[in-house]
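Heads up: the protein sequence lines correspond to chains A and B, in order. The opening residue of the first sequence carries number 369 in this note's numbering; numbering runs sequentially from there. The opening residue of the second sequence carries number 10 in this note's numbering; numbering runs sequentially from there.
The hints are simulated quantities; they were obtained by calculation from the structure and are not laboratory data. Errors might be hidden in some of the hints.
Taking CB as the label site, the calculated pair distances span [stated by the list, open to error]: (1) N57/B / Q470/A: 19 to 27 Å; (2) L732/A / T52/B: 19 to 27 Å; (3) P709/A / V92/B: 50 to 58 Å; (4) R769/A / T52/B: 31 to 39 Å; (5) T52/B / T407/A: 33 to 41 Å; (6) Q470/A / L48/B: 39 to 47 Å; (7) P371/A / L48/B: 51 to 59 Å; (8) D589/A / A30/B: 27 to 35 Å; (9) T52/B / P371/A: 34 to 42 Å; (10) P585/A / L48/B: 48 to 56 Å; (11) T415/A / N25/B: 30 to 38 Å.
We put the beta carbon where it would ideally sit given N, CA and C, even for glycine.
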Amino acid sequence: MPPGLDNLRHIVVLMMENRSFDHMLGSLTAVNPQIDGVTNQLSNPDTTGALVKPQALAEFQGQLDPDPDHHFPAVDLQIFGGDTSPNRVANMQGFVKSYFNQQKDVGHSQKIMYYFAQNQLPVLTTLALEFAVFNRWFASIPGPTICNRAFAHYGTSFGRVDMNLLYVNEPFKSIYDRLINATPKHTSKLYYYDTASSTMEITNLLQNQPELFGTYPQFLDDCKTGNLPDYSFVEPNYSDHDSDDGEEVASDQHPDHNVQAGEMFIASVYKAIKQNANLWQSTALLVVYDEHGGIYDHVAPPACTPDQFQASPNNTGTGMPFAFDRLGVRVPAVLISPWIPKGTIVNRVFDHASIPGTVTKFLLGDYSPRSPRETSADVFIEPNVAPVDPARNLLSLDTMRTDCPDFDM
Amino acid sequence: MALIHVPRPENAWNPNRPVNALLKSQIVHLHEAELKLPLRLQTDIYINAIKTEGEAADYVRQVTEAIHAAHQAATAKRARSRVRRTSKVKTKKKGPSKPRRET
C-alpha cells in the first residue's frame with residue numbers, strides 16, 4: 369500500500385469564504401501554464417459593451433464593497449450572461465453586468481474582474497505550488513454560503529439554494545454523525561474560531577449537538593498534544609470583534625474582510641499541523657472556499673448527477689426550477705500533505721460533496737444512505753484498500769518530503 | 010526548506026463595519042435557536058437592531074454560550090438522575106430491610 373495512505377490518520381478541512389479560483393490563484397498560470405488561471409484572452413463585457421479584462425489589481429480590503437451578489441439569480445446572470453433561453457450555454461460573461469446591478473457604476477463594476485498577484489498571497493499561492501492544486505473544484509451550488517456549506521457537511525443541501533434555515537431530512541446524516549456512531553467509533557470535531565464568531569452550522573448541528581464543536585485555541589492545543597480527531601472541519605473568524613486576547617480581525621476573507629488576515633489564518637492552521645512531527649506525517653489538510661462570492665472566474669461549471677431534491681422556481685428566484693444537476697462557480701482548493709509531490713495539479717472535477725464522500729470512503733468504507741450527489745462525487749483521497757490506482761492517488765510519494773515550506777508570522 | 014514571510018494586515022480591525030449578509034443570516038439562525046432555549050438563558054437583544062460586526066459578535070457569543078450551557082445543564086441533570094437510579098438499585102440489592110421494631 370502507498371505509505372502516504374498507510375500513514376494517514378487525520379483529515380482536516382479548512383473552509384474559507386467567498387473568493388473565486390481566478391481571483392486568488394489565477395496569477396499562477398504565469399508560473400505554471402498547467403494551472404488553469406488567468407490569461408490575456410479572457411474578458412467580460414460591461415454594461416456599455418466594452419470588454420473588461422482580468423487585471424492583477426485586487427486589493428486586500430475596501431475594493432469589493434458592497435459585497436458582490438452571489439445569491440442564485442445573480443450567479444445565474446454571472447454564469448449565463450443574462451441568457452434565459454431553454455438551451456442556453458454557460459459562458460461566464462455576466463460578472464461585470466451583475467456587479468453593475470448593485471451600484472450602477474460602470475467603473476466600480478469592473479473591479480469584479482480583478483485578481484491578486486502571486487506575491488500578494490504568499491501563503492495560498494505557495495501551498496498551491498508546493499502541494500496539490502485543483503483546477504476543477506467547484507462550489508456545489510451556483511448560490512450562497514449556507515447551502516454550499518451544507519454539501520460539505522451532509523453531501524446535499526436538502527433542496528435549498530439559499531441562506532434560509534435548513535431542515536434536515538432523513539436519511540442523510542452529517543459526516544460527523546456517521547463517524548461518531550460508527551463501529552469502530554471514529555472521532556470528529558468542528559472547530560469554530562471562538563464563541564463570538566461561532567459556526568455557520570447552527571440550525572442542525574450547534575443547537576442539537578454542541579458537543580461536536582471546539583474552538584480554534586482547542587484545535588491548536590489538539591494539534592500540539594496529538595489529540596486531533598480523525599476528521600476535523602475548521603471555520604475561520606467571521607467578524608471583527610473584541611476578545612480577552614484583544615482585537616480579533618475577521619479571517620474568513622469574505623468581502624470586505626481583509627484577505628491578509630485570512631492568509632495568516634491559513635498559515636496558522638498549516639503551522640499547527642506541521643509543528644507536530646507525528647501529526648504532520650499522518651494528516652492531509654484541504655484548504656477550500658465555500659463559493660466564489662460573485663467574483664469572476666472563467667471556467668464554466670459542468671453538469672453533475674442530479675440530487676434527489678428540486679428547488680422550485682420560487683426558491684431559485686429565476687423563474688426556473690433547479691435540479692441540482694450542475695455545479696457552482698470554481699473555487700480555490702489545495703490539498704496539503706508531505707506525501708504529495710511538489711507541483712501536483714489535479715484536473716478531475718470535485719465539489720464540496722467530495723468532502724463527506726472522501727472522508728466516508730476513507731474512514732468508513734461502504735456507507736449508506738448517502739445523497740446521489742455525494743455518491744457520484746469524486747474523492748480526493750483514495751480509500752486505502754487494494755488495489756490503489758497510482759494515477760488517482762495524490763499522496764503518492766514513497767518517502768515523506770522534508771522540503772515543505774514554513775511560514776513566518 | 011523555504012521560510013515564507015506572511016505580512017500582517019494593518020488597520021484592518023473595524024468592529025463598527027456594517028454586518029454583511031452572511032452575519033445577518035447567522036444571527037437569524039441563532040435567533041431561531043435562542044427561542045428554543047429556557048427563558049433564563051435567552052438574551053434580551055433585539056436582533057433587528059444589530060447593525061455592526063461588534064454588536065453581531067456580542068449576540069453570537071451570548072447565544073452560542075447559552076446553547077452550550079443549556080446542553081451542559083441537561084447532561085448534568087441526566088447524570089444526577091442516573092446516579093439516583095443506580096443508588097436505589099444498589100440499596101435494593103442489599104436484601105430485605107430489617108423489620109421495624111414495634112413500639
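Each hint tested on the structure:
no., hint, result
1, N57/B / Q470/A: 19 to 27 Å, "23 Å, holds"
2, L732/A / T52/B: 19 to 27 Å, "39 Å, violated"
3, P709/A / V92/B: 50 to 58 Å, "56 Å, holds"
4, R769/A / T52/B: 31 to 39 Å, "50 Å, violated"
5, T52/B / T407/A: 33 to 41 Å, "52 Å, violated"
6, Q470/A / L48/B: 39 to 47 Å, "41 Å, holds"
7, P371/A / L48/B: 51 to 59 Å, "57 Å, holds"
8, D589/A / A30/B: 27 to 35 Å, "33 Å, holds"
9, T52/B / P371/A: 34 to 42 Å, "52 Å, violated"
10, P585/A / L48/B: 48 to 56 Å, "31 Å, violated"
11, T415/A / N25/B: 30 to 38 Å, "33 Å, holds"
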